[in-house]
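The listed protein sequences correspond, in order, to chains A and B. Per this note's numbering, the first sequence runs over residues 1086 to 1458. Per this note's numbering, the second sequence runs over residues 2 to 369.
Note that these hints are calculated values from the structure, not bench results. The reader is advised that the hints may include incorrect statements.
Each computed SDA-like pair below joins lysine to any residue, with the alpha-carbon atoms no more than 25 Å apart [unchecked claim]: (1) K1289(A) / L208(B); (2) K1433(A) / K88(B); (3) K92(B) / I1339(A); (4) K46(B) / K1289(A); (5) K1104(A) / K88(B).
To be clear about the criterion: a stretch of chain A counts as covered by chain B if any three or more of its residues have a C-beta under 8 Å from a C-beta of chain B, and this derived list gives those stretches [unchecked claim]: (6) 1200-1206; (7) 1249-1259; (8) 1294-1301; (9) 1375-1384; (10) 1448-1456.
Computed from a predicted model, the values in this text were never measured in an experiment. C-beta: ideal position from N, C-alpha, C; glycine also.
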Amino acid sequence: MRVLRYILQKEFLQIFRDKTILIMMFAMPTIQLAIIPFAINFNVKNINISVVDHDHSSLSQRLITKVGSSGYFRYVSADLSYNDALQHIEKGQADLIMEIPAGFEKNLVREGVQKIALTVDAINGTKASLGAGYLNSIIADFSKNIQLNIISDPKALMPQATIEVTYSNWFNPSAEYKYYIVPGVLVLLLTLIGGFISAVNIVKEKEVGTIEQINVTPIKKWEFILGKMIPFWVIAMVVFTIGLIVMWLVYGIIPKGNFVVLYLFASVYLIAILGAGLLISTYSDNQLQAMFIAFFFMMIFMLMSGLFTSIESMPAWARMIANLTPITHFIKVVRMIVLKGSGLNDIKIELLYEVLFAVVLNGWAIWNYRKTT
Amino acid sequence: MKQLLVFIRKEFYHVFRDRRTLLIMFGLPIAQILLFGFALTSEVKNVKIIIADNAKDVNAQQIINKIKASAYFIVEEATLNYNDIEKAFKKGDIKCVVIFPANFGNDLLGIGKAQIQIIADGSDPNTAKTLINFLTAIITDYQRQISPVADLPYTIIAETRMLYNEESNGSLNFIPGVLALVLMIVCTALTSVAVVREKELGTMEILLVSPFKPVMVLIAKAIPYLILSLCNFILILLLSVFVLNVPVQGSILLLFLESMLFILACLSFGLLISNTTNSQQTALLLSMMGMMLPTLIFTGFIFPLENMPWIFQIISNIIPARWYYLIVKSIMLKGLGFQYVWKETLVLVAMTVILLSIALKNFKKRLS
């Protein structure tokens, strides 16, 4: 126990000596958490549109005005020909072209059906399909309005039996994206801090040579690993607390669930993720290598964790990998506790997973740390 | 010149000695391409929903069968009260509950009007929105079946054409993003460490007392990473062409030159970081942890830039990866020539020059 106290003292001294890293550990996640969720938004607005109107009739004007007033589209140009409009797409100024053919109004009245052409820049998939979808429904709405105006008996248009669908979003009635993304980003930043800092730690001693001095002391392997872990665990818990405060101050999100459960889960999770970092550290020869290995795994875990895309829609093999990573469960649980107020009983399986990760990763790190070279 | 070659060779030894870093450097793009190509999708599939059928009549059953037939849902039937719904949501597996009221069919056929209630778990708003849209579409479709409306005059049909991507290949969008992300992170991190490591280990002193010009030290450090990054670039291109079937539409030579420019910008940034920091830890934390999320987000390849608040749109302008992303999209996917990307190229050139001159100015011949 006394040995452990000494190594802890040494680690804390070392951490507080390097002010740059200390500031970075606290400032970087705080600033990123306060800024980045504002930038993450799946609602597509401001779709840029170029119009080619060959008809110049009152009806085509009405259609153009209707599209413009929907709030989703922004007119960037009115062109004389399709090729002119295509230039705007090629330069990236426009996302789609709406081309109204000559005789639009006349044909619509005379023949009852008229086509208009939409050309979509499909490279940006989401924006393209959503934009085309919005535009289609606006045009459908527009034709219905004409029908209602022209046909004398609107009842003929109404179906005999209607089903009314009412819906509500629980926990987030206005379906705001920030409630989903802020807890996720908090987890991600905490993971980056914990994972990277612990990954480079033991390697640094290897590279600078001070590890030899520790190896010749009678310190036990588990004491050494524990001594490395506790300081970072304390720091990460402080970062987590700051993160929760930022979440409250900047986004007005206060965890609905029990704080004890939240902190319990966070503390187990941190032991697991710090263990992963230390494990990488024991395997690496230098800091660059440790950082790269840590980065490699974190990048993959982050992309698969369900932070940005849903896990259910992944193929089975990918879902299996996702479930084998600690971060996936933590993101899920933080969202559950913070947004829905889930209790210990709802998250016990995930907690069990994290305990397992913590034991395996740390046990492996202790086993792999060699006091002799 | 001969001296420079000797130095470059020394740097290459450093790089090749560290097999694991080298492995990760090339493993990173492979893993990312595979993930984005085969695992990640913004679609909503395999979602678990509960249907609470309080009506138990023919019409409700017909709608339920229609919902079950769609590939998007895993349907479970149960009778629930409100507390049960909340419990199910708190457990986290169920995303949505559809409730048929008692007498659904009678109301529908007798009064001509009936209600269905959908309750979605809004803690994941994207999925909730998509689910509600799917379900509403299925129900509307059913309604049309039982009470058809005659085809109407005055119908406008929109014919949609998807430019550049007729088959809606989802891989198209992210390949330029992966290119930008991988090159940015790998180049910046590797170079930022190259100088600091020598400072930390004390070998920098030896280099600086040699008659070799300090600028040459920097150049010699940058060249191996330039070459490796170009190899990385070629690897990503090969993967995207042969594994994901995304061909290069425009000039490969132009794409290569633009990539070289972007790599130079990243190398300069890495050198700048390494000159202003004193430990590998700081340099790595800055270049990896500090750059990862901003690069991922401000290139605009996962989240459209246009939706962001204006301040972020302005911030995104100072991220080199953003400009490179635009260039790659234009050349590789749209097949456009230099006249369409000269502005972006100019921005990258300006960034490289500025970063490099600051880096050189900050490179001190004497250490502390």
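Hints numbered earlier in the text: which of these fail when held up against the supplied structure? 4, 5, 8, 10
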